[in-house]
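Just so you know, the protein sequences line up as chains A and B, in that order.
According to the numbering used here, the first sequence is numbered sequentially starting from 1.
According to the numbering used here, the second sequence is numbered sequentially starting from 317.
If you're looking for bench data, these hints aren't it; they were derived computationally from the structure.
A hint or two may mislead.
Unchecked claim - A few chain A residues that face chain B, going by a derived Cβ cut-off under 10 Å, partial list only: (1) L128; (2) S259; (3) L297; (4) L300.
Said to hold, decoys possible - To be clear about the criterion: a stretch of chain A counts as covered by chain B if any three or more of its residues have a C-beta under 8 Å from a C-beta of chain B, and this derived list gives those stretches: (5) 157-168; (6) 277-288.
Claimed, not checked - Chain A residues, not near chain B, derived (Cβ > 10 Å throughout): (7) F132; (8) V180; (9) Y187.
We put the CB at the ideal spot given by N, CA and C, even for glycine.
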Amino acid sequence: MNGAVRKLLAKPWIWSYFGALLVWLAAIFFTRGYGAGGMVTAALSLAVFMVVVGVGQMFVISLGPGNVDLSLPANIGLASAVAMKVMAGDDGLVAIGLLAALFCGLAIGTVNYLLIWALRIPPIIATLSASFIIQSIDIGYGRGLQIKPPPGFADFTNIQILGIPVLAILTVLFTAGAGVALQRTAYGRSVLAIGQNMRAARLAGIRVGLVRFATYALSGTLGGLDGALLAGYFRGANVDIGNEYLLTSIAVVVIGGTSVAGGKANVPGIWGAALFLVLLLTMLNTFGVSAGVRLLLTGLIIVGVITAAGGDKALD
Amino acid sequence: MTAASTAAAQPAARTMGKLKAQRLLRALLPALSLALVLMAIATLNPRAISYFGFTLMLNLAIPIALATIAQMFVIAGNDLDLSIGPFVGFVGCVTATWLRDTPLVGILMLLGCIGVYAAVGALIYLRNLPSIVVTLGMSFVWQGLAILLLPKPGGRAPDWLLTTMGVKPPLVPFPILAALLIAAVAYFGLMRTSYGAILRGSGGNSVAIGRAGWSLLKAKMALFALTGLFGVLSGLALIGITTSADANIGNGYTLLSIAGVILGGGEFVGGRVSPVGAVIGALTLALAASPLLTFMQIPPDWQVAANGAILIVVLAARVLISPKGAER
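Turn these sequences into a full structure, and let the hints guide you.
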């Protein structure tokens, strides 16, 4: 038993759950228990959107230093518009709209990798430049349109069973799948191998280009999916809908215990980190502090949690 | 893993030649990018290539160049600073309020900021934390402080700062002079002094630097303090140009500074940075951002896209020159 606890404590992702639990306790202590369950429900609903892009970002970051997808916010914005426009408020077109959003994301991911591969642009700038172009397309495409989701789709993204959002349950299943893909499939192992040493991976016969392409495409596709879901949840698409996911997608990955040096990824931590970030905001909102203090405390708590959790103990 | 270690396996003479050629290419790429953008501007509007034109077009390039140099120091140590933008904004708020009203308090606050940066560096080293998360947290801290200090846009730059940034030297426009000065200071400090070599080494091979008896803690703190120092200078320069401050004024600088370093030939790992390249990268970004777009008469909707496209075209020039397999 003792050994099991110690083993659990040694997991890098456990700290993000501790952090989430702590801020939740602080929040309900402040409200004297009022709204404790509602907070969890709300946190789960909002965490879903961070987790979906977080998983994509995690695979990208695991590819090694310099690999990051900065086009996710623009991607989410465009995909949300595409999905809503294709669905056109008709419940019968939901599946086609979702597919369109996925393809939109996939196309963006493909373009990202083309820029990185064909023009040899460092990923951070390639995805940044791509995001500028996507933003403009979105502004041009989404202008003056009434982009509301079909009622059925909007309800589906808000449905709950015993206070647990259905979307959260589906996302847990999805992350479980992502965990298996990461640790048990040739693709996942290849991503980690490339992150540890790209040259060694190439010499070991891994098709580095193909795996990197698949990873950027995956990240783009998940961004597209997230855009469609967000538009359903918030009952409407807009250009800025994805903006906050630039930093949060990176934050949930790294706070969750994935190494920014690449080659070491962590799926459960993404959930913990996402819940932590959402509950942190909830806590500060219940305290009723001003915007400046809220930002200040958010920053100090993030630094505090990462300091308490400690970094990579292995200095290799 | 890196190009250098590939080369190290080969005979020494060839290694030297190859290294030299690579260094030359690395140094030339950013300059070529800048030349491309300048040529485009010259074709579109020949009158812009003048003393007055450069002063106008490059004015905002000074704070961008300073922020890029700031970012370059942390990148030299294998870290990344996601807080530099909000930090520049916070410095701007301090400059437009405290530094004008009670200069002594203002100066102490700015020095304190540099101290905080050094402390963040120490924390990152001692606890072996990912710099991305710590500086992400710090970005909220700076942003929060800036909003607390200046909830609404306002304040006013100190007069001495306005005079400094408004200087009109003979023949060479002030921004170009400033860029040369920034590049020269950063180049000699980081590339030509012995401690500069130690600092770069702490990013390139920290184990070797540590075994040689140098304090890695001090190196990390020095790199972060330098980032803080140049961040402060960037904030000062920015407010000297815009004359008043806003808590969100610097937010775009985080990505701009990273892009500038990379455009200038820097790399995320291995302590490989180029101060001259970084300044050129910042100038390229500043020129590509607005003057070029104005001259191309692009509708507002598509300006952001054109910005991205220009970045891609400028960087695509690499393909023509950089050797095959240059990826890590």
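Check the structure against each numbered hint from earlier and tell me which ones fail, lowest number first.
When the structure is compared with the hints, numbers 5, 6 and 7 turn out to be violated.
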